[in-house]
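Peer 1: Chain by chain, the residues run as shown.
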Amino acid sequence: MTRFLPAEDYLPSGRYELLPFRFERLEGERVLLSNMAGEALTVSSADLTTLVNGDLDRSGALFSRLRANHFLRQPEDRAALELLALKLRTRYARLRDFTSLHLFVVTLRCDHACRYCQVSRQSADRASFDMSRATADRAIDLLFRSPNQALKVEFQGGEPLLNFDLIRYVVLSITERNRQHKRDIQFVITTTLSLISDDTLAFCREHRIVLSASLDGPEDLHNANRPRPGADSHARFVAGLEKARDVLGPEAISALMTTTAASLQRGPGIVDEYLRLGFHGIFLRHLSPYGFALKTKSYQGYDTARWLEFYEETLTYIIDLNRSGVRFTEQHAAIILRKMFSCHDPGYVDLMNPSGAGIAAIVFNYDGGVFASDESRMLMEMGDDTFRLGSVHEHGYDEIFSAPALLSALEDSFTLSAPMCADCACEPWCGADPVYHHARHGDPLGRKAESGFCQRMKGMTRIFIKAMEDPFVAALFRRWALSC
Amino acid sequence: MAEDNGLSVTLDAQAYDPWAVHQAAYRLSDRLAIQVAIDGNTIQCTLYPVTEGTNSHSLLVARADFLREVTDQMLRARIREATEPVRTLILAYTFSRSGLQK
Numbered sequence: 003m004t005r006f007l008p009a010e011d012y013l014p015s016g017r018y019e020l021l022p023f024r025f026e027r028l029e030g031e032r033v034l035l036s037n038m039a040g041e042a043l044t045v046s047s048a049d050l051t052t053l054v055n056g057d058l059d060r061s062g063a064l065f066s067r068l069r070a071n072h073f074l075r076q077p078e079d080r081a082a083l084e085l086l087a088l089k090l091r092t093r094y095a096r097l098r099d100f101t102s103l104h105l106f107v108v109t110l111r112c113d114h115a116c117r118y119c120q121v122s123r124q125s126a127d128r129a130s131f132d133m134s135r136a137t138a139d140r141a142i143d144l145l146f147r148s149p150n151q152a153l154k155v156e157f158q159g160g161e162p163l164l165n166f167d168l169i170r171y172v173v174l175s176i177t178e179r180n181r182q183h184k185r186d187i188q189f190v191i192t193t194t195l196s197l198i199s200d201d202t203l204a205f206c207r208e209h210r211i212v213l214s215a216s217l218d219g220p221e222d223l224h225n226a227n228r229p230r231p232g233a234d235s236h237a238r239f240v241a242g243l244e245k246a247r248d249v250l251g252p253e254a255i256s257a258l259m260t261t262t263a264a265s266l267q268r269g270p271g272i273v274d275e276y277l278r279l280g281f282h283g284i285f286l287r288h289l290s291p292y293g294f295a296l297k298t299k300s301y302q303g304y305d306t307a308r309w310l311e312f313y314e315e316t317l318t319y320i321i322d323l324n325r326s327g328v329r330f331t332e333q334h335a336a337i338i339l340r341k342m343f344s345c346h347d348p349g350y351v352d353l354m355n356p357s358g359a360g361i362a363a364i365v366f367n368y369d370g371g372v373f374a375s376d377e378s379r380m381l382m383e384m385g386d387d388t389f390r391l392g393s394v395h396e397h398g399y400d401e402i403f404s405a406p407a408l409l410s411a412l413e414d415s416f417t418l419s420a421p422m423c424a425d426c427a428c429e430p431w432c433g434a435d436p437v438y439h440h441a442r443h444g445d446p447l448g449r450k451a452e453s454g455f456c457q458r459m460k461g462m463t464r465i466f467i468k469a470m471e472d473p474f475v476a477a478l479f480r481r482w483a484l485s486c
Numbered sequence: 004m005a006e007d008n009g010l011s012v013t014l015d016a017q018a019y020d021p022w023a024v025h026q027a028a029y030r031l032s033d034r035l036a037i038q039v040a041i042d043g044n045t046i047q048c049t050l051y052p053v054t055e056g057t058n059s060h061s062l063l064v065a066r067a068d069f070l071r072e073v074t075d076q077m078l079r080a081r082i083r084e085a086t087e088p089v090r091t092l093i094l095a096y097t098f099s100r101s102g103l104q105k
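Sequence lines, in order, name chains A and B.
So the first sequence is numbered by my numbering: it starts at 3 and just counts up by one.
So the second sequence is numbered by my numbering: it starts at 4 and just counts up by one.
You may find that some hints are simply not true.
What the hints assert, rightly or not - Beta-carbon label-pair distances, calculated as ranges:
1. 85(B) x 46(A): 16 to 22 Å
2. 67(B) x 56(A): 26 to 32 Å
3. 55(B) x 328(A): 46 to 52 Å
4. 88(A) x 61(B): 30 to 36 Å
5. 139(A) x 55(B): 53 to 59 Å
6. 278(A) x 21(B): 55 to 61 Å
Said to hold, decoys possible - Some, not all, of what chain A presents toward chain B, calculated at C-beta under 8 Å:
7. 20
8. 84
9. 91
10. 277
Calculated directly from the structure, the hints in this document are not laboratory data.
Where is the CB? At the ideal position from N, CA and C, for every residue including glycine.
Here chain B stands alone, though its shape is the one from the complex (with noise of 0.2 Å):
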């Protein structure tokens, strides 16, 4: 536990991207508010829960789905990356006789 009653969460940059991070805690934002901050080579997320009366039980099952969260987020971001170019070529396919371009 963190001193303000968040729950740290460290983890290290070189495994993990940022992005990803803030892309969990903004899915996670209706239960959680987390603050990130980067550390040279970790990432520091402190969780506060959202509503009042969150016990530690609680918060510790809130943690488990942000680090699945976060997971997921990194496998989006791989298939995103791998697909882009393809994804790039179908929007051009899909649009080339739209007129729209003109």
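Extracted from the complex, chain A is given alone in its bound form (with noise of 0.2 Å):
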């Protein structure tokens, strides 16, 4: 008498019940499943018909995987909704926490002249177009009334070096007023990096101000993109750069790029460049239909399919790299990846549902304006107020928050119960985009056959599935996630 039951004994019994799940086609065959949290399977076209009938084999290898990542269960799995909870729960915590990032847009003055910039600048000697002492406090008292105990100060311009006082006199303060608050502040100054000075240097040293600094690619490219007086934009980045990481240490200062049409045929020489210049990452990032970019035709320099080839190849030849043994990240992908791998958003204010504007991130003008989004304020230099969602010397937190504006672009962007969103297998980690489609479309769900969001969002999505299915970059992928 044997003392074991046989194998037969510990399979799932009874009728096994689905869990909330989306489905996309992929190429060929092939169907891309996620769940509420956000997990992800792909399965063939007869699978997903078998799943749904109740017809799965039980003993079956797709069975285990499928009640693994919470697509069925048993009747028995009790602990299966609780867990799927637990993870959703996790996946929207950030919205308990309110806003975090403050922009402070402290002049609209710059001394480039990009062809794509997202905002209309002013030229270097209108000092009209600086955020004045009093426009900064009042921003000052709203960002202390931010429930959130992390809080990002960014400084935007125009250049923000180029009005360095009031930098100076706001780091100040928010110190001053934090010894009472006690929050978790990080300073961030969005630069070209061609002012960058050893005193504004030693002062970031001081405050642990961290650099955001922008970098299109080889010399000829970037100073392409990024005229100024000189035409020497990027030797000053670069000069900048090293006396930058010599102070600050090499974290500190990060760097994007922009692709422009002229970046397309040259993905791989970008990523060098970056390399080069002792960098381990690049955010490949697209134009937006904003700003200075629409009314020089940049934003019609390529189509979104056109942006994808580019993606997918700079993509692949950093993969590529990677498997040769040099450690470099794409971090648009590692974003994405973060929400397919896990339970935890990285606060990516672009894809955030309900989306990110006004409730992730705030903007105050450098006249007082207060916007939903940095996009909102681009809008705004085009002539189209809608997301502005009040001033800082006319309205309070309350106002200013609670704004028509803000809670209606917000409820009609809603993924969960957005056309084709809803039902779209890429919604956990896509995001709601109000003022983009407000631009594109005319209101804030827009059109999402149409819409320009959506299809790149697919189709980044598409190029990782495709790509994990070599072992190599699964593996590298989930690196890039957890790393994020």
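Put the two chains together into one complex; each comes in its own frame, and the hints tell you how they fit.
Peer 2: In structure tokens form, the structure reads like this:
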């Protein structure tokens, strides 16, 4: 007599129950499934039908995968629902904290005349486009009304270093007032590095200010994208980078690139330039339909499909670098992959639902205008004040954060109820972007079938899923996701 | 072909949910404007290309895509219906400790 029951006795019994999930067709007969928490699997089209019909073989590997990833449950699986709920709660935990990122547009003046600049800039000698101390004081009052313990203060422009006196004033004021508030505050200056000085860097070191810089690629490309007097933007960037790293340390300076039509053939060269200058990653960023990008028709320089080609080619190059032993990350991918591989939201404002406008980030413009996002103030520079929530001089915290312009945009763009988004497998990794859709389609929801935002997100997801058929890439992407 | 250069598709209303047809029409709205009319037991759809110069072959491809999409939408509706109670339960679990319901 055996002391063990046969293996069949341990197989799940009874009829399995589907858990909520969505699907999207991929190339061929593959289908992408995602559940409420954003966990994903790919299956064949036939398997999807079998799954929904309740006919899946309970002793098969697919059944185990679907059960382990919460796409179905057996009647006895009581923990499955609580686990899913826990993951979902974690995914949305940021909502409870409310606004973290506060952008101070300290000046619209700039020493560059970039063709695609997201804001309409003024010439460098017009002090009327600088933020005043009175405006900054009111913005700081609002900053400390945020319930979020972790606050990020980002100085934007124009070129913010052209009004460094105000940056110094804001940093010192916030630091002083924070002795009472005791928040975790991080300061960031978004700069081209062209005007960085020893004094500036000493102040940054003293107050642990990090720098977010701009590098579009090799010298000729960077200088073509970013004209300035002397045509020396790249040389100034390199000199500023070296100086800043010496003073602040290598991790205190990051760089962003913007893809222009001239970049499209040069993905690997752009990556090589980042490597040459000692960066460990790049954020491949597309143009946005705002500001000078529209006025100068830069935005029309390529469509979403062409950007995705560029993206896939450059991502493949980066993967091959990693394959050869060079550690280098594509940070745009890392953000999305983190959402795919974990229930922790990386807090990227452009990919949040509800939209991060206002409730994750808020913008104080140089003149005191308060905007729901950086893109909102770019729209304002084009004459569209839809997402101007008020003024620091005229409105209080409650009025600004309950402005109908904000609340209706958040509600109308909510992806769990938006047509197409509500049944899209990419929804858990995507976000609502009411400002983009307002700019392109005239309403915060937009028409998803025609949306470049939607096409880009779906396209990137397909690129990732396809690339992960290679076990090396699957492991690499997991590493990126966890380091994001 | 319909008289006005649209392509007609007739569906049995017993087999297809009009809601799924509308959902499919929306999903393809970058390529097709789809007119939906219900007449007794039939759902009459007329597909119009959005872009000019669409040839008859690409319109036939679009029709096949539309039918596939309607089938997908029917499947999505089944999943949604089958999982509605558990979806509500999970959402209730999720927000039960948030304090938002007070």
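Peer 1: Compare the structure with each hint and give your call.
Peer 2: Hint by hint, here is what the structure shows:
1. 85(B) x 46(A): 16 to 22 Å: holds (20 Å)
2. 67(B) x 56(A): 26 to 32 Å: holds (28 Å)
3. 55(B) x 328(A): 46 to 52 Å: holds (49 Å)
4. 88(A) x 61(B): 30 to 36 Å: 48 Å Cβ-Cβ, so the 30 to 36 Å window is violated.
5. 139(A) x 55(B): 53 to 59 Å: Holds - the Cβ-Cβ distance for residue 139(A) and residue 55(B), about 57 Å, lies within 53 to 59 Å.
6. 278(A) x 21(B): 55 to 61 Å: Given a distance of about 59 Å, which is inside 55 to 61 Å, the answer is holds.
7. 20: holds (5 Å)
8. 84: holds (6 Å)
9. 91: Hint on residue 91(A): holds, closest Cβ of chain B at ~5 Å, below 8 Å.
10. 277: At 38 Å from the nearest chain B Cβ, residue 277(A) fails the 8 Å test, so the hint is violated.
The structure shown violates the earlier hints numbered 4 and 10.
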